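A.B. asks: Sequence:
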Amino acid sequence: MADPLSTPRLTSPHLEHFTSRTIRLVGRVTQLRGDNATLDSDGAVTAHLNRDSHLTVGNWVEVVGKVNGDLSVRVLVSRDLGRDVDFEAVKAVVDATHRYKEIFYSEQ
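Under the numbering used here, think of the first position of the sequence shown as 150, with each following residue one higher.
Be careful, since some hints might not be right.
[Claimed, not checked] Label-pair distances were calculated between CB atoms; the ranges are:
hint	residue 1	residue 2	range
1	GLU237	VAL213	20 to 26 Å
2	LEU181	ALA238	32 to 38 Å
3	GLU251	ASN185	19 to 25 Å
4	ASP184	GLU211	29 to 35 Å
5	ASN208	ALA241	28 to 34 Å
6	GLU165	GLU251	28 to 34 Å
7	THR205	GLU251	35 to 41 Å
8	PHE236	VAL213	25 to 31 Å
For the record, the hints were derived by calculation from the structure and aren't laboratory data.
Given the structure is predicted, the values throughout are model-derived calculations rather than measurements.
Ideal placement from N, C-alpha and C gives every residue a C-beta, glycine not left out.
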């Protein structure tokens, strides 16, 4: 059974099914504006950054955060992945995560 503290991996199209849940998302930083960033994760995602977030436009980032009702993500932790990420591989992992969800997370 999945741990109740799991952070399912997803991309933008999955956000609507995970409101008020903590998730893990990989995206490319396309814009930084104050305490907000726009990430491209198979669609645009607004990320509300914390003080420890140090993102660079053009780099890929993995964020762990909570999905808000407007489908933005409040970032709890972020990790810069640099410029060379195989996003097709990321999407394959996300697909496997949701195809075999009983292994990776519980539905709430």
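A.B. asks: Are the hints correct? Go through all of them and say.
C.D. replies: Verification of the hints:
1. GLU237 / VAL213: 20 to 26 Å: At roughly 22 Å between Cβ atoms, VAL213 and GLU237 fall inside 20 to 26 Å, so the hint holds.
2. LEU181 / ALA238: 32 to 38 Å: Given a distance of about 25 Å, which is not inside 32 to 38 Å, the answer is violated.
3. GLU251 / ASN185: 19 to 25 Å: Since GLU251 and ASN185 have Cβ atoms about 35 Å apart, the given range 19 to 25 Å is violated.
4. ASP184 / GLU211: 29 to 35 Å: Given range 29 to 35 Å: violated, Cβ gap about 19 Å.
5. ASN208 / ALA241: 28 to 34 Å: violated (21 Å)
6. GLU165 / GLU251: 28 to 34 Å: violated (21 Å)
7. THR205 / GLU251: 35 to 41 Å: Cβ of THR205 to Cβ of GLU251: about 37 Å, so the range 35 to 41 Å holds.
8. PHE236 / VAL213: 25 to 31 Å: At roughly 18 Å between Cβ atoms, VAL213 and PHE236 fall outside 25 to 31 Å, so the hint is violated.
Going down the numbered hints, you'll see the structure goes against 2, 3, 4, 5, 6, 8, while the others check out.
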